[in-house]
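Undergrad: Sequence:
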Amino acid sequence: MSSEGGPAIGAPVTNEEFRRACGRFATGVTIASVLDANGTPHGLTVNSFTAVSLNPPLILICLGHAVTTIDAFRSSRHFGINVLAENQQALSDRFARKGEDRFDGLDWYRGESGVPLLPGVLAAIECRVHQRFASGDHDIFVGEMIKMQIAEGNPLLYYASRYRRVALD
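Note that my numbering has the sequence shown beginning at 8, numbered continuously upward.
No wet-lab data here; the hints were simulated from the structure. Don't be surprised by glycine CBs; every beta carbon is placed ideally from N, CA and C. Check before you lean on any hint, since a few could be wrong.
[Claimed, not checked] For each label pair, taking beta carbons as the anchor points, the in silico distance ranges come out as:
(1) 78 x 116: 38 to 44 Å
(2) 18 x 107: 36 to 42 Å
(3) 17 x 113: 45 to 51 Å
(4) 63 x 104: 31 to 37 Å
(5) 17 x 173: 37 to 43 Å
(6) 45 x 20: 28 to 34 Å
(7) 59 x 173: 21 to 27 Å
(8) 106 x 17: 36 to 42 Å
(9) 113 x 29: 15 to 21 Å
Based on the provided sequences and hints, a complete structural model is requested.
TA: In C-alpha cells:
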C-alpha cells in the first residue's frame, strides 16, 4: 500500500478500488432506451454517458456485456438517452432493477426515430448508431445526435454511490 492509501505501483487495481475511485467523479443520470426487433421498448439506468464531438454531434454510452438488453442495443440502428431531473430518482431506481419490464405501466412516447423517450426529463436525445465496439467487459456505443428536446431544471446526480442534488448558491 502506498502512503496515499492506494495500491502500490505495479499491484493490480481491484474491482472495489476501481469503483471507489470512479465513484469520486460526479455524473448525471440517464436512461438509455431502445426498441427491439418486435417493437418492445427496453431501457436501463446509465451514468456512463458523455459528449464526444461537436461536428458531427456525437455522444457515447457504455453498456456491460452482462446487461440483459444489450442484444436489443446491438441490433438497433437508433437509441435514446433520457437525462433525468432531480425529482426522477424513482425512475432511475426502476430502470436499474433487473428482471422486470421497466416500461410496464409507464408513460413514454416514440421519438421520430422510433426510440422510446420519457416525458418530463431534462433532455430527450435520439441517436443514430455511429459506431459500436467492445472494450473490456463493456460495449461502447457512439451515437450521432439526430434529434433532441430539452427542458429547464436541475439534474439528478450520482456521486460516491449515492444520489445527490445540485446545491444552488
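Undergrad: Next step is simple, just say for each hint if it's right about the structure.
TA: Do the hints match the structure? See the list:
1. The given range of 38 to 44 Å is broken by residue 78 and residue 116, whose C-beta atoms sit roughly 24 Å from each other.
2. In this structure the supplied range 36 to 42 Å holds for residue 18 paired with residue 107, their Cβ-Cβ distance being about 40 Å.
3. For the pair residue 17 and residue 113, the beta carbons lie near 49 Å from each other, so the given range of 45 to 51 Å is met.
4. With their beta carbons about 34 Å apart, residue 63 and residue 104 fall inside the hinted range of 31 to 37 Å.
5. Taken as a hint, the range 37 to 43 Å holds for the pair residue 17 and residue 173, whose Cβ atoms sit roughly 39 Å apart.
6. Taking 28 to 34 Å as the suggested C-beta distance range, the pair residue 45 and residue 20 does not conform, at roughly 41 Å.
7. The supplied range of 21 to 27 Å is met by residue 59 and residue 173, whose beta-carbon atoms lie about 24 Å from each other.
8. Under the hint 36 to 42 Å, the C-beta atoms of residue 106 and residue 17, about 40 Å apart, fit the expected range.
9. A hinted range of 15 to 21 Å is violated for the C-beta pair residue 113 and residue 29, which are about 29 Å apart.
Going through the hint list in order, the structure does not satisfy hints 1, 6 and 9.
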